[in-house]
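*Asks:* Each chain is listed here by its residues.
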Amino acid sequence: MFYIYCPYCGEHREESEFRPKGQAHIMRPKDPESCSDEEWADYLFFRDNPKGVHHEMWVHATGCRKFFNMTRDTVSYEILEVYKMGEQPKITAASRVVGGEK
Amino acid sequence: MQRYSGFGLAKHALTHNENWQRMWRNPVPKKKYDVIIVGGGGHGLATAYYLAKECGVTNVAVIEKGWLGGGNTARNTTIVRSNYLWDEAAALYEHSMKLWEGLSQDLNYNVMFSQRGVLNLGHTLQDMRDIQRRVNANRLNGIDGEVLDAQQVKEICPVLDCSPNTRYPVLGASWQPRGGVARHDAVAWGYARGADAMGVDLIQQTEVIGMRIEDGQIVGVETTRGFIGAETVGCVAAGNSSVLAKMAGIKLPLESHPLQALVSEPIKPVLDTVVMSNHVHGYCSQSDKGDLVIGAGIDGYNGYGQRGSYPTIEHTLQAIVEMFPTFSRVRMNRQWGGIVDTCPDACPILSATSVKGLFFNCGWGTGGFKATPGSGNVFAWTLAKGVAHPIAAPFSIDRFVSGKLIDEHGAAGVAH
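Just so you know, the protein sequences line up as chains S and D, in that order.
To convert, note that position 65 of the first sequence is 65 in our numbering; the numbers rise steadily by one, no gaps.
If you count the second sequence from 1, you need to add 102 to reach our numbering.
Keep in mind the hints are simulated off the structure, nothing from the lab.
Treat the hints with care, since some could be wrong.
[Unchecked claim] Simulated pairs of lysine-lysine, DSS-like, Cα-Cα distance not exceeding 27 Å:
1) D:K167 / S:K90
2) D:K167 / S:K30
3) D:K167 / S:K51
4) S:K90 / D:K506
5) D:K167 / S:K21
6) D:K353 / S:K21
7) D:K506 / S:K21
Bear in mind that the values here come from a model prediction, so they are computed numbers and not experimental data.
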C-alpha cells in the first residue's frame, strides 16, 4: 500500500487515488514519418522493466488528474522520489550503486 | 523410476511407507549440457520433459534459483481452459488442453485434472456479443463451447446470483465443459519426476547471474555455482524474464506486475465449476480441500516483490461478493502475490532472439498455468530443432516489429 506525495497537490494521499501509467521519460519520436519499424516497436512496446530502481509515471486520477513521475524500487516498493513532468530524476540505478545504498 | 500404482500403494502401506523412492535426484551440475533451461517452474520442467521424451535430447539441465515450482506455478488459481478468440492462440491453448487430458497417465502422476467446466460470464449486451463471437470462433477451431442464457447459468451454478436485481446482472455466459482446474504443484512435480527419470539434471538453489556470449552465439550461463556451458539456452523465467534478457543485452516488450490471489477457509462443497467474470473482474473456484480459490486483476504498477496492494484485494473481493452474495461472510485464509510478465497483446512470446542459441518462453502474463503442457511441448520442439514449432511460430518476438499482434485482451474472456 503506497502513501503517495502528489507534487502538484503538495499532499500525501492514499494509493487508491492514483493510477500507475508505466515507464517514464519515453519520448515520442520527433520525426515519426522517418521512423523504422524497429524504432516504432521500441517506442510502443519495448520497456526496461528493471528489477530495482524504476522511473515511472503516475496520474492523480481522483485528485488533480495531473501526471507526474516517480522513482521507485520495484523490489522493496520503496518510493525514492516524486517529481513533476519535464523534470529529471535525482536518484537513478547508477547513483544508488555509487552512493552505496544498495 | 518407481512407477506409481494401486498395487504399489498397498505394498508401501505394508512397509509403513518408509521405502518410497525420492522423486528426483539432486545432481551436481556438469560442465556442459546440450540444452540449459533457465527456470524450474511448470513451463521449464515441461520443456525439459518433452525435450527428453519427444525430441530425444536428454543431456539437459534445468537451473532454478529457488525450488522447483516455487514461483507462479505455486501461486496461480489453477484454471485450465482453451476458449481463446484468435486462431493462433486457440491452437496453442487447445494443444495444451489435449495434453492435459492425458497428462496424469503420461506422467504416471496424478495431476488431479478436473474438467468441471469454466463459465465466462457476460454482464452487458456487448459482453454477450463478444461471447457469441468467441464461442463461434472456438467452434470453428474445434474447441467446445456454448453460449448460455442467465437461466442456464443458474442451473449450472446455483450459488451464483443470477437475479436481475444486482448492479451488474448476469445476462449469460460462455461455457467450456472441457475446462476446469488441475493441482498446480503436482504438475511441476510430475514433470520434474518424469524429466529426471529420463536423465535431465534438475539443479535447484542455483541462480543464473550472467550469460556468456561469444560472436553472437550463447555458449553458457554464469551461475552462483560457476559457469555451465550449453549452446542452446531456453529462458522460461516468467516475471524475471526481463532480468535475464538484460544479461544478454536484449530488451523484451514485457512489464512485470504483481498478481494476487486468495483462498478462503475450507467450506462444504458449494461451487463445482469455475466462474470467471471479466466485467466485474474476478474469478472463483473451489478446491478439493474446500477453500474458495479467488483471483482477479494485476496491480497496475511494475513490481518484482511477489506482493501487491490492499486496494487490489478489496476490489477482487468486491467482485466476488457481487457474484456470490453468500460468500460475504466467508473468511479469507491466505493471500499472496506472484510476478507475472505481461505482454502488450496479452499473448506469450515463444521465440528465438538476436543471440544465436538463446530462446525465450515468456510473456504468459496472468494466464500461463493452463498452457503449461502445450508451452513446454512446442518450446521443447523449438529448442531441439532451432526453428519455431508451427504452433509457436506466430508468437515470435518479431510480431512487435511487424505489427502482427495477436490481440487477446479481453477478447478471450481473459480476466486481466
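*Asks:* Hint check: K506 (chain D) vs K21 (chain S), CA-CA at most 27 Å. Holds or violated?
*Replies:* Distance of about 24 Å is within 27 Å: holds.
*Asks:* Take a quick look at whether K90 (chain S) and K506 (chain D) sit within 27 Å of each other, Cα to Cα.
*Replies:* 39 Å, violated
*Asks:* Does K21 (chain S) lie within 27 Å of K353 (chain D) when you go C-alpha to C-alpha?
*Replies:* Holds - the C-alpha atoms of K21 (chain S) and K353 (chain D) are around 19 Å apart, at most 27 Å.
*Asks:* For the pair we were handed, K167 (chain D) and K90 (chain S), check the Cα-Cα distance against 27 Å.
*Replies:* 33 Å, violated
*Asks:* Check the hint pairing K167 (chain D) with K21 (chain S) against an upper bound of 27 Å on the C-alpha distance.
*Replies:* 31 Å, violated
*Asks:* Under the criterion that the straight-line Cα-Cα distance not exceed 27 Å, is the pair K167 (chain D), K51 (chain S) satisfied?
*Replies:* Cα-Cα ~16 Å, so holds.
*Asks:* Hint check: K167 (chain D) vs K30 (chain S), CA-CA at most 27 Å. Holds or violated?
*Replies:* Violated: K167 (chain D) and K30 (chain S) sit about 42 Å apart, past 27 Å.
When each numbered hint is compared with the structure, violations occur for hints 1, 2, 4 and 5.
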